[in-house]
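Enquirer: What follows is the residue order along each chain.
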Amino acid sequence: MKNEQMDLVHIKADFPILNREIKPGVPIIYLDSAATSQKPVQVLREMDDFNTNSYANIHRGIHTLAEEATQKYELARNKVSVFIGSPSPKQVIFTRNTTESINLVVQSWGRKNLSSGDLVILTEMEHHSNLVPWQMLAEEKGFRLEFIPVMENGLLDLDVYLDLINLEPKAVGFTHMSNVLGTINPAKEIIQIAHEAGAITIVDGAQSVPHLPVNVQELDADFLAFSGHKMCGPSGIGILYAKKELLQSMPPFLGGGDMIKRVELTSFTANEIPYKFEAGTPAITEAIGLGAAMDYLNSIGMDKIADHEQAIVSYALERLVEVPGVEIYGPEAAKKGAVVSFSMASAHPHDISQILDNQGIAIRAGHHCAMPLHKKLKLPASARASFYLYNSKEEVDQLADSLYSVLDIFGI
Amino acid sequence: MAIIMEDLYREIIVDRYKNPQYKGKLEPNDITFDDDNPLCGDHIRVDLRIDEDGNVTEAAFDGYGCAISQASADLLIESIQGKHLNEVKSLTKEDILELLGLELSPMRLKCALLSLKVLKAGVYGIGQASDDLVE
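Protein chains in written order, with our numbering: chain A, 1 to 412; chain B, 1 to 135.
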């Protein structure tokens, strides 16, 4: 069994929060990592150590603390760069989260390059973070949005994509992995088709980068956005990777300190990349924490994590489908990441989540920031269990068992 | 706040959820309003028929959502049958909790109060069901 290559007992011991109880005698089973992951002690310690011993503002300081802080912050950038196979750390911009990264692309690249009559292609399975920023600018500029449909089987309809591509889009934005369906989209193929039509590509990697080996050069992605808090790092730190020529040609996003080379009363000269896009004091401790998270994930191996999650999700689909009244959304296990969204015939997702919480199981209920996708699925909401490197098959069993207790209350 | 499952899913809640007494639409009606809980996508519509003295002669709700939102809507609609609109306007969060006989966490409170927000927004004739209406 592939997943036995991971030492789950030791991994779980690394995450102090996973060893607490929800109430006396009821240990936590955390199945909400698609919303945010938990942090291992290695990350917590690194952040604590930095705050305790080296904290200062970065760049331009000459004193020892400022130098240590700058060095650690830039080392974290370097770790991110290596983690995603970026040609240079200069192409790694620290933001607050995936949402801010996408807003940066839309407001900087989009504002400069898109105008009335232009077309941007997105998909029906996008998180609101890859919809609303485009809608906001489209309303102002008058460009059009078209969407690659989601088929019954949870996959994107690439035939329609090929039709849309003939309309000569300027940009194609898509999620690498759906946060609802778990669908892993064929990013390389989508990007290649976009490039042949002369469009740039924006990949929402919020769900993929934490769970799969992702290499920006192999994908040939123009932009890749993701968040630290979904990959064992802290919240408040996100990443935008982009191709160098794009970053160099783009105007700054936010204005202020650190993003300038020179300022006069009525004008400024923007700084070099990546600093051009990092206005103001960034989340210094969080960036360093993210660097530690990358070290942690590397110490286990992204291939192994992906294999482990593939085994867990296959097993979860098997177990959940046995429960009467349960309907599961998204493609077969081989085409998805470790996210299982489902509904039950008799109970609303809120009630499912409440009953599971009583047994220590944390799942998410709602539309998971994907209202258009839920509309397509004809669902007001769904329940979602999502898994990470620290979850086990035993926890899947407990999830399945607890769904039977929902049936005890609500019937089938 | 510790929520006790047996209390939360008492028979009356599950029964009202599965077999609501006042679910449906009134056409024609004198007052109708609907809104969503953006946090979870729950949806409630309330229809009222009012006589010339301003009393509710008939009321119904429609929509979808969790057991708490649907049961509290059903109990609320039951409680306003025959009442004057002024009485409806004065209903509060406490009235809903009394109808349910429950303590609720802040998140679940939003589920329970959706129907009252929609009802009061309709009765006041304002275009939006805001939290201020149920404070």
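Bear in mind the hints are in silico, worked out from the structure with no lab data behind them.
Predicted model only: the values in this text are computed from it and were never measured.
Quick reminder that beta carbons are idealized off the backbone N, C-alpha and C, glycines included.
Among the hints, a few may not be true.
Stated by the list, open to error - Below, a sample of chain A positions facing chain B; criterion: calculated Cβ distance under 10 Å: (1) Pro-349; (2) Gly-366; (3) Gly-411.
What the hints assert, rightly or not - Which residues of chain B face chain A? A partial, calculated answer using Cβ under 8 Å: (4) Leu-8; (5) Tyr-9; (6) Val-14; (7) Cys-111; (8) Tyr-124; (9) Gly-125.
What the hints assert, rightly or not - Just the calculated beta-carbon pair ranges, DEER-fashion: (10) Tyr-124(B) with Asn-53(A): 44 to 50 Å; (11) Thr-269(A) with Ile-126(B): 47 to 53 Å; (12) Lys-93(B) with Gly-325(A): 30 to 36 Å; (13) Leu-167(A) with Ser-130(B): 38 to 44 Å; (14) Lys-378(A) with Lys-93(B): 29 to 35 Å; (15) Tyr-124(B) with Glu-332(A): 46 to 52 Å; (16) Asp-15(B) with Pro-16(A): 38 to 44 Å; (17) Gly-142(A) with Asp-51(B): 50 to 56 Å; (18) Asp-51(B) with Ser-235(A): 20 to 26 Å; (19) Lys-23(A) with Asn-19(B): 29 to 35 Å; (20) Leu-97(B) with Pro-16(A): 34 to 40 Å.
Enquirer: Now tell me, hint by hint, if it's right for this structure.
Expert: Quick rundown of the hints versus the structure:
Given the 10 Å rule on beta carbons, the hint for Pro-349(A) holds: about 7 Å separates it from the nearest Cβ of chain B. With its C-beta approaching chain B no nearer than about 5 Å, Gly-366(A) sits inside the 10 Å limit, and its interface hint holds. The interface hint given for Gly-411(A) is met, as the beta carbon of that residue sits about 7 Å from the closest beta carbon of chain B, less than 10 Å. Restraint check, Leu-8(B) versus chain A: the minimum CB separation of about 7 Å is within 8 Å; hint holds.
The interface hint given for Tyr-9(B) is met, as the beta carbon of that residue sits about 5 Å from the closest beta carbon of chain A, less than 8 Å. Here the hint on Val-14(B) is kept, as its CB sits about 6 Å from the closest CB of chain A, short of 8 Å. With its C-beta approaching chain A no nearer than about 6 Å, Cys-111(B) sits inside the 8 Å limit, and its interface hint holds. Because the closest C-beta pair between Tyr-124(B) and chain A is about 26 Å apart, greater than 8 Å, the hint is violated.
Hint status for Gly-125(B): violated, given a least beta-carbon distance of 27 Å to chain A, over 8 Å. Against the hinted window of 44 to 50 Å, the Cβ-Cβ separation of Tyr-124(B) and Asn-53(A) comes to about 59 Å, which falls outside the hint. At about 51 Å, the beta-carbon gap between Thr-269(A) and Ile-126(B) stays in the expected band of 47 to 53 Å. At roughly 33 Å, the beta-carbon separation of Lys-93(B) and Gly-325(A) lies within the given 30 to 36 Å, and the hint holds.
Checking the proposed 38 to 44 Å range against Leu-167(A) and Ser-130(B) shows it holds: the Cβ atoms sit about 42 Å from each other. Under the hint 29 to 35 Å, the C-beta atoms of Lys-378(A) and Lys-93(B), about 32 Å apart, fit the expected range. The supplied range of 46 to 52 Å is met by Tyr-124(B) and Glu-332(A), whose beta-carbon atoms lie about 51 Å from each other. At roughly 43 Å, the beta carbons of Asp-15(B) and Pro-16(A) sit within the given window of 38 to 44 Å.
Look at Gly-142(A) against Asp-51(B): about 51 Å separates their beta carbons, and that is inside 50 to 56 Å. For the hinted restraint 20 to 26 Å between Asp-51(B) and Ser-235(A), the CB-CB distance of approximately 55 Å leaves it violated. For the hinted restraint 29 to 35 Å between Lys-23(A) and Asn-19(B), the CB-CB distance of approximately 32 Å keeps it satisfied. With their beta carbons about 37 Å apart, Leu-97(B) and Pro-16(A) fall inside the hinted range of 34 to 40 Å.
Comparing the model with each earlier hint shows violations of hints 8, 9, 10, 18; every other hint is respected.
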